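Chemist: Its first residue numbered -3, the sequence shown is counted upward by one per residue in our numbering.
Simulated from the structure, these hints should not be mistaken for lab results. These figures come from a predicted structure and were not determined experimentally.
DEER-style ranges, computed between Cβ atoms:
#1 GLY12 to LYS35: 29 to 35 angstroms
#2 PHE150 to GLY100: 32 to 38 angstroms
#3 GLU149 to GLN48: 26 to 32 angstroms
#4 GLU41 to GLU62: 15 to 21 angstroms
Derived EDC-like pairs: lysine to aspartate or glutamate, alpha-carbon spacing no greater than 20 angstroms straight-line:
#5 LYS94 to GLU110
#6 LYS206 to GLU149
#7 LYS159 to GLU174
#8 LYS201 to ASP58
#9 LYS179 to GLU149
#10 LYS182 to GLU149
#11 LYS206 to GLU174
#12 LYS201 to GLU135
#13 LYS136 to ASP197
#14 LYS136 to GLU174
#15 LYS136 to GLU62
#16 LYS159 to GLU172
Ideal placement from N, C-alpha and C gives every residue a C-beta, glycine not left out.
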Amino acid sequence: AASYLGYISEDEMKEGVGANEHALDGLRQGMFAPKNRGKKIENTEEGIPVSQSLLLHGYVADDEIERFPGVTHRVGIHPVIECTQNIPCNPCQGVCPKHCIKVGDHITALPQLEPDATCIGCGLCVASCPGQAIFLVNEKTEPGYAEVTFPYEFLPLPAKGQKGTALGRSGEPVCEAEVTGVKRTKAFDHTAIVTVKVPRDMAMKARFFKAADAVAEA
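Please construct the entire structure, taking both the sequences and the accompanying hints into account.
Modeler: Here you go:
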């Protein structure tokens, strides 16, 4: 219509159509692409063995998670991106004000951390991930303890200082935990982020929080 009405030239129209077709083709790629329907996918596009636990049980096993590029150990607070499947998704890349996360031009690539970028712990990546697969981890906050930040979409929200149980990826209890922060902002689009203190060796396992009174009721 814009070309027909004279707002853009025919060459500009063709360029725009080509760009849109390229973008749409990108959205049709990945392990769930039509061309892969009915196939058994054994490795990601990066050559990493896919999580069999995720396919069979609905969660990534502890002994599988560290092979994925978004799962790293660093000094200080940093994102841990537990994205394990090649799907067309990249809001984490665009939302980070410090450009810590890279998906790249290939929208189905597994996200990874930029080695020279510095996380400020804003939590935007945590709240923006549609799969709730991003966490902020500080592996050394005080002697023997770490902090883990995750998305929280239940009511009522826990309160700072509240104690309870940290849950792992499978939903099973893994350790005791204490809430050290609860954050809600307009930028999070109705998703709160909760930070808990856990034993340091649980930093890569604790992924949710259940209050002590909820544990007692269960």
